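Q: Sequence:
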Amino acid sequence: MGVSSEFSGEQRALLTRTFIDPAFREALRDDVSSALRAAGIDPSSALGGSMREEIEGFFARGGGARLDRSATMSLDIAAANPTANHTAQDSAASPRVAFVVMPWAETRWASIGVSLLQSALTASSIASDVIYANLDFAEAVGNTMYNRIGTSSPKVALVGEWLFTEGPVDGADGGERFLNEVLLDEHGGFADFATIFQLGEIKALTAPFLDALARHEVWERYDLVGLTSTFQQNVAALGFARRLKQLHPHITVIMGGGNCEGPMGSAILRNYPAIDYVFRGEAEWLISRFVSDFRAAGARPGWVESDPFWSARAEPQPGGRAVIVAGTAPSMDDLPVPEYHDFYNRLRASRPGSSLPVDTAVPLETSRGCWWGEKKHCTFCGLNGMTMAFRSKSAARAFDELRKLVHDYGPGPKRRTNVLVVDNILDYRYFNDLLPMIAQSDLKVSLHYEVKSNLRLDQLMLLRDAGVHHLQPGIESMSNRLLEAMRKGTTRLRNLQTMKWCAELGIDVSWNYLHGFPGETDDDYADLPQLFSLVPHMSPPEHVGPARADRFSPFYESGADFGIVELTHERAYDHVYADLPSAERRDIAYFFRMRCDEPLASEPVLAAMSAAAERWRQDHAEARLEASWVDDHLRVIDTRPARPRPETEFDLDPAASSVLLALDQLRSAQAIERALPVPVPATEIAGALDRLLDAGLVVRDGDSYLALPVLNRRRLPSAKPAVRVPRDLPLLTGTT
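Reminder that position 573 of the sequence shown reads as 573 in UniProt numbering, one-by-one numbering, no gaps.
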């Protein structure tokens, strides 16, 4: 069950009862066969027997263990305990500000947004705490399942959001429509029995969790509570805010984050009265003034409208509430260094046997916006919707911040500190200053960066020397036509070149393959299975899926220019925000689906491409395609499953060796001749090139060529050999 989106009536009935009926889940725990019969399924039939085996296997692996409901009733809010960076006496002396990180925020690293706000308040002598409620919830439900929902579930399915919905959801069906119309119909690959069973169990915990969180006595210490909301944090944050205001009416609640940008923030304020102020934009530079002025005004409703500074930045709402338009921070170098003490204090307070992560990453920000997006906004990208202008920190400031964060939160001088650089794109000026500074320092770091997929080999080498072990190069496609239509500024061979060099340098590459673009045809995907079979030694796409028209993207803002005739919010929003009118759902939505004026690529072609990508993922760990210099030629190791040979290790003739070396960097046929050390007739080059193409060691795209083997540069000649060789010398010679 769940392998495909095609579910039988019996499978749907079983999954539905499992999803919505706690008593049925208990019956399955007691006796699978009896429970199946009670559901009208014969466990001795072919289909029923398959269901029974899957369910019994799930329980045998410990999957049916009951969640500890008491864990959600005795929250360990570490930031409010004396183990945090303040004392209980300090807490009682004056009101504090609390920033709350709700599910489904990542558990492997701290929230950089609220940590920057906390640091800004600290600089103004305003006491604050960051309360990681997401860690409490992950500890209650198990971190593995928490991450499956928060990071691995289909984003547009809004699974995490739905789990925190309350009241009469989808009418009175308890989630039957959400399960069938969203999970089973649209995301069947995610909806196996184990997942559906666990989602049902977790759903039963969400309301008690919010109740316990809001009832906690810690809230008496605070007069202002800030909620951060990005992606799947909205519903949990709003449900908590409602309870908090009911139980602690003295508290003013503010909200910010990606889900508050543009019309989304206004929609939140209109529809959820528990939120007093929504911040839109970068608030680090004015949060301290807001807190000071708020307290000076006695927390009086409407004080923002009567203050000239704030009224110029506010969009007032009834009842004295307002959207605060923060805009952009004046200077990147003037931003505070984020404080992550509360995150690590909370992790240290975890109960014995906790499933919370041990290996964490330290978030670092060196720039905001996107310099490529300023030039050519990628058509599907909704990031930086309100703040596209690219700004970066000086190399000195970025390096000092990195050193401080490693010192304060790293595992010690003998181990590498994992550093998650949250920038949308690397500032290429850092190749001249910041990256050499890191490479020449004594810092032991493992950095993640997002880059464009057009880097030179020397640039990638510098990234490696600076400790960059993970890149997200935004590859997205291997179709030149679609890459141009997306405005990616790269090509198929440039993408492959980047991936190959990263494989050589030991840099992990993360990327997804997108389809469903306006104007695409089968020709954009038809040759991909063959191409994928040639490159299993390179990093495969993590996911294959349709492109979206995210809010703020060119597809969303000017869809007609791309042949998009209709945009509708994803279906999951109708279930998550079932109590809101359709227009309000649209304003609160971030994910949209497109209907184009022309047909897209056909299902059979996309299915073949997806299957080839899955084979790539399966083959990647064992696949090798490497070349080393031996005497006067290259020796190749080739274990690609699609290219079986009598020997996995073989020699190239000197001519092919020279051409292969020249094509380590993509070149045209004419450029190959210029790259060789001595003049060589074009016919000889063409012959070697044809043999390399036939052997699957070189790929061609138009008039450009690229060698696929990863080179062992420690075993290359100091000068490339000439290619004049006897014509009868074979291309391949097996070694003994």
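Treat the hints loosely; a few may be bogus.
Here are the simulated distance ranges between beta carbons [claimed, not checked]:
#1 Asp-30 to Asp-465: 37 to 47 Å
#2 Ala-299 to Gly-412: 40 to 50 Å
#3 Ala-560 to Asp-211: 41 to 51 Å
#4 Glu-374 to Asp-21: 47 to 57 Å
#5 Arg-674 to Arg-714: 19 to 29 Å
#6 Gly-49 to Ala-207: 15 to 25 Å
By construction, these hints were calculated from the structure, which means they are not laboratory data.
Owing to the predicted nature of the structure, the values given are computational and were not obtained by experimental measurement.
Beta carbons are placed, not taken as given, at the ideal position from N, Cα and C, and that holds for glycine.
Q: Each hint should be assessed against the structure and marked as holding or not.
A: Hints, verified against the model:
no.: 1; hint: Asp-30 to Asp-465: 37 to 47 Å; result: 60 Å, violated
no.: 2; hint: Ala-299 to Gly-412: 40 to 50 Å; result: 44 Å, holds
no.: 3; hint: Ala-560 to Asp-211: 41 to 51 Å; result: 47 Å, holds
no.: 4; hint: Glu-374 to Asp-21: 47 to 57 Å; result: 53 Å, holds
no.: 5; hint: Arg-674 to Arg-714: 19 to 29 Å; result: 26 Å, holds
no.: 6; hint: Gly-49 to Ala-207: 15 to 25 Å; result: 37 Å, violated
In this structure, the earlier hints numbered 1, 6 are contradicted, and the remaining ones agree with it.
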